[in-house]
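Q: Residue strings, one per chain:
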Amino acid sequence: MSSGAPCGACKFLRRKCVRGCVFAPYFGAEQGAAKFAAVHKIFGASNVAKLLLHIPVPRRCDAVITISYEAQARLSDPVYGCVATIFALQQQVSSLQAELAMVQAANRQAAAAAAALVQQHHHQHLQQQLLIQQTTGAAGQQQQAHQVQQQQYVTEIAAGISNPSSSSHGQFRSLMNTDQSNFHKFQIPPRHRDPRDHKQLQQHDPAATQLQEHHHHHRHQIISDHQGRSAARDCRKPREIMIRRKKN
Amino acid sequence: PGGGGGDGGGGGGISILGPGLQHRKHATSHSPCAACKFLRRKCTAECVFAPYFPPDQPHKFANVHKIFGASNITKLLNELPQHQREDAVNSLAYEADARVKDPVYGCVGAISLLQRQVAQLQNEL
Numbered sequence: 001m002s003s004g005a006p007c008g009a010c011k012f013l014r015r016k017c018v019r020g021c022v023f024a025p026y027f028g029a030e031q032g033a034a035k036f037a038a039v040h041k042i043f044g045a046s047n048v049a050k051l052l053l054h055i056p057v058p059r060r061c062d063a064v065i066t067i068s069y070e071a072q073a074r075l076s077d078p079v080y081g082c083v084a085t086i087f088a089l090q091q092q093v094s095s096l097q098a099e100l101a102m103v104q105a106a107n108r109q110a111a112a113a114a115a116a117l118v119q120q121h122h123h124q125h126l127q128q129q130l131l132i133q134q135t136t137g138a139a140g141q142q143q144q145a146h147q148v149q150q151q152q153y154v155t156e157i158a159a160g161i162s163n164p165s166s167s168s169h170g171q172f173r174s175l176m177n178t179d180q181s182n183f184h185k186f187q188i189p190p191r192h193r194d195p196r197d198h199k200q201l202q203q204h205d206p207a208a209t210q211l212q213e214h215h216h217h218h219r220h221q222i223i224s225d226h227q228g229r230s231a232a233r234d235c236r237k238p239r240e241i242m243i244r245r246k247k248n
Numbered sequence: 001p002g003g004g005g006g007d008g009g010g011g012g013g014i015s016i017l018g019p020g021l022q023h024r025k026h027a028t029s030h031s032p033c034a035a036c037k038f039l040r041r042k043c044t045a046e047c048v049f050a051p052y053f054p055p056d057q058p059h060k061f062a063n064v065h066k067i068f069g070a071s072n073i074t075k076l077l078n079e080l081p082q083h084q085r086e087d088a089v090n091s092l093a094y095e096a097d098a099r100v101k102d103p104v105y106g107c108v109g110a111i112s113l114l115q116r117q118v119a120q121l122q123n124e125l
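Top line first, the protein sequences correspond to chains S and G. Note that the UniProt record's numbering gives residue 211 to position 211 of the first sequence, counting from 1, and the numbers run on in steps of one. Note that the UniProt record's numbering gives residue 21 to position 21 of the second sequence, counting from 1, and the numbers run on in steps of one.
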């Protein structure tokens with residue numbers, strides 16, 4: 001700190017800048033005078049000196065800066081000074097807080113609506129899954145039941161061929177009668193007793209027709225040989241003739 | 001016992017300077033303002049401080065006097081029209097109170113705090 005050139009404060013005050021001047025470190029010789037002029041007009045030299053002497057030296061620089069700021073603000077606005085800035089910032093904070101509250105409320109509503117929508121979709125998805133499982137399970141069970149019945153049909157058929165009089169034959173017949181709806185899936189459809197079927201056979205299967213005629217002729221021969229009669233004339237009822245013969 | 005009242009009339013009045021002490025003043029009908037009480041001077045009718053420093057708020061003038069000084073306040077008020085003086089005194093009192101509480105930053109600390117709040121709210125938005 002030089003003792004020759006006065007500091008800005010002492011220059012403004014037109015006094016000797018002594019060694020250890022409280023203002024010297026903060027108010028330089030070049031632009032310190034103008035800066036100190038504002039401080040002096042608002043606060044006064046003695047008041048600022050008292051303030052600085054009650055502040056630790058490391059913090060005096062910040063104090064001078066804020067004091068200078070307040071002084072300049074008061075010169076710019078003699079009524080409110082830097083308090084006008086505080087009022088404006090307080091209003092800005094209030095408006096921003098209100099805006100933030102509105103945005104947060106809107107976000108909460110949107111989040112709640114989105115959560116409800118997601119939950120609804122989740123429930124629908126679960127229901128669909130359950131429905132698919134039920135459908136798949138029912139179809140699988142039905143298919144398993146058909147397979148079991150098919151195995152039973154095969155077993156009964158085999159039992160019926162080996163022993164027609166066995167009880168299983170009756171069971172097979174009962175199964176046939178009771179499950180005619182699925183019979184067609186596993187068995188050749190039973191032939192209907194339709195006279196037209198015979199004619200159709202004759203028309204479409206000449207070999208079968210020929211074989212049938214041979215059997216018919218052979219039967220005729222047997223009857224005529226046994227009776228010695230022209231039973232051929234009554235060839236339409238060869239069975240009845242044979243039964244009559246047995247009775248006789 | 002303290003207490004007292006003012007008697008009506010042209011200019012008579014009683015000012016309470018302390019408990020149990022009464023003074024009869026002929027100049028004004030009002031008690032000395034806080035400034036005059038602090039300065040221990042006669043509070044006249046033309047007292048510039050009287051309208052803005054009521055006697056029930058002694059700390060208000062004490063802080064203003066400590067930071068700005070009585071003469072500076074007088075100069076500032078004299079440069080303003082009547083209808084703006086009350087706001088000016090209140091803002092000066094606010095600054096003085098902030099500076100007494102925080103000698104380093106004064107009301108600039110409040111400005112800095114509010115600026116941070118604004119920035120934080122803007123970021124949240």
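To be clear, the hints were calculated from the coordinates, so they are not data collected in a lab. What you are looking at is a predicted structure, and each value in this text was computed from that prediction instead of being measured. One should not assume that every hint holds.
[As the list claims (entries may be wrong)] Using C-beta positions, here's what the derived DEER-type ranges look like:
1) G:H59 x S:A114: 20 to 30 angstroms
2) S:P78 x G:E124: 32 to 42 angstroms
3) S:A98 x G:R116: 11 to 21 angstroms
4) G:V100 x S:N107: 17 to 27 angstroms
5) G:P54 x S:L75: 20 to 30 angstroms
6) S:I65 x G:T74: 25 to 35 angstroms
7) G:P54 x S:D62: 31 to 41 angstroms
8) G:V100 x S:Q92: 36 to 46 angstroms
9) S:A101 x G:G109: 19 to 29 angstroms
10) S:K50 x G:H59: 16 to 26 angstroms
[As the list claims (entries may be wrong)] Derived EDC-like pairs: lysine to aspartate or glutamate, alpha-carbon spacing no greater than 20 angstroms straight-line:
11) S:K50 x G:D97
12) G:K75 x G:E86
13) G:K75 x G:D56
14) S:K41 x S:E99
15) G:K75 x G:D87
16) G:K66 x G:D56
17) S:K50 x G:D102
18) G:K75 x S:D77
19) S:K35 x S:E99
20) S:K35 x S:D62
21) G:K101 x S:D62
22) G:K42 x G:D56
23) S:K41 x G:E79
24) G:K75 x G:D102
25) S:K11 x S:E30
[As the list claims (entries may be wrong)] Selected chain G positions facing chain S (Cβ under 7 angstroms, derived; list incomplete):
26) L39
27) A88
28) V108
29) S112
Backbone N, C-alpha and C fix where the C-beta goes; we use that ideal spot for every residue, glycine too.
Q: Does each hint hold? Answer for all of them.
A: For each hint, the structure was consulted:
At about 55 angstroms, the CB distance of G:H59 to S:A114 disagrees with the hint of 20 to 30 angstroms. A C-beta distance of roughly 37 angstroms is found between S:P78 and G:E124, which places it inside the suggested range of 32 to 42 angstroms. For S:A98 and G:R116, the hinted distance range of 11 to 21 angstroms is satisfied, since their beta carbons lie about 19 angstroms from each other. The hint said 17 to 27 angstroms for the Cβ distance between G:V100 and S:N107, and at roughly 43 angstroms that hint is violated.
The supplied range of 20 to 30 angstroms is met by G:P54 and S:L75, whose beta-carbon atoms lie about 28 angstroms from each other. S:I65 and G:T74 have their C-beta atoms about 27 angstroms apart, which keeps the hinted 25 to 35 angstroms range intact. Evaluation of the 31 to 41 angstroms hint for G:P54 and S:D62 yields a pass: the beta carbon distance comes to about 35 angstroms. The supplied range of 36 to 46 angstroms is broken by G:V100 and S:Q92, whose beta-carbon atoms lie about 26 angstroms from each other.
Taking the beta carbon of each, S:A101 and G:G109 are about 27 angstroms apart, inside 19 to 29 angstroms as hinted. For S:K50 and G:H59, the Cβ-Cβ distance of about 18 angstroms falls inside the hinted range of 16 to 26 angstroms, so the restraint holds. Straight-line distance between C-alpha atoms of S:K50 and G:D97 comes to about 16 angstroms, which keeps the hinted pair within the 20 angstroms bound. A hinted pair counts as satisfied when its Cα atoms are at most 20 angstroms apart, and G:K75 with G:E86 qualifies at roughly 14 angstroms.
In summary, the hint linking G:K75 to G:D56 is not supported, as the alpha carbons are separated by about 24 angstroms, beyond the 20 angstroms threshold. Restraint check for S:K41 and S:E99: not satisfied, since their Cα atoms lie roughly 41 angstroms apart, outside the 20 angstroms limit. A distance of roughly 15 angstroms separates the Cα atoms of G:K75 and G:D87; the hinted pair therefore holds under the 20 angstroms criterion. Only pairs whose Cα atoms come within 20 angstroms are accepted, and G:K66 paired with G:D56 is accepted, the gap being roughly 18 angstroms.
The straight-line distance between the Cα atoms of S:K50 and G:D102 is roughly 14 angstroms, inside the 20 angstroms bound, and the hint therefore holds. Distance restraint check for G:K75 and S:D77: the Cα-Cα separation of roughly 15 angstroms lies within the 20 angstroms cut-off, and the hinted pair is therefore satisfied. Taken as a hint, the S:K35 and S:E99 pair is broken in the structure, with Cα atoms around 40 angstroms apart against an allowance of 20 angstroms. Under the criterion of a C-alpha separation no larger than 20 angstroms, the hint pairing S:K35 with S:D62 is consistent with the structure, at around 15 angstroms.
The hinted pair formed by G:K101 and S:D62 meets the criterion: a straight-line CA distance of about 15 angstroms does not exceed 20 angstroms. Annotation: proposed proximity of G:K42 to G:D56 holds, straight-line Cα distance about 17 angstroms (limit 20 angstroms). A C-alpha spacing of about 13 angstroms is found between S:K41 and G:E79, which places the hinted pair at or below 20 angstroms, so the restraint holds. For the suggested pair G:K75 and G:D102, the alpha carbons sit about 25 angstroms apart, so the restraint of at most 20 angstroms is broken.
Among the hinted pairs, S:K11 with S:E30 is consistent with the structure: their alpha-carbon atoms are about 10 angstroms apart, no more than 20 angstroms. For the restraint placing G:L39 at the interface with chain S, the shortest Cβ-Cβ distance is roughly 15 angstroms, beyond the 7 angstroms limit, so the hint is violated. A hinted interface residue such as G:A88 counts as satisfied when its beta carbon comes closer than 7 angstroms to some beta carbon of chain S; here the least separation is about 5 angstroms, so the hint holds. This hint holds: G:V108 has a C-beta 4 angstroms from the nearest C-beta of chain S, less than the 7 angstroms allowed.
Nearest Cβ of chain S to the Cβ of G:S112: about 10 angstroms, over the 7 angstroms cut. The hint is violated.
Of the numbered hints listed earlier, those contradicted by the structure are 1, 4, 8, 13, 14, 19, 24, 26, 29.
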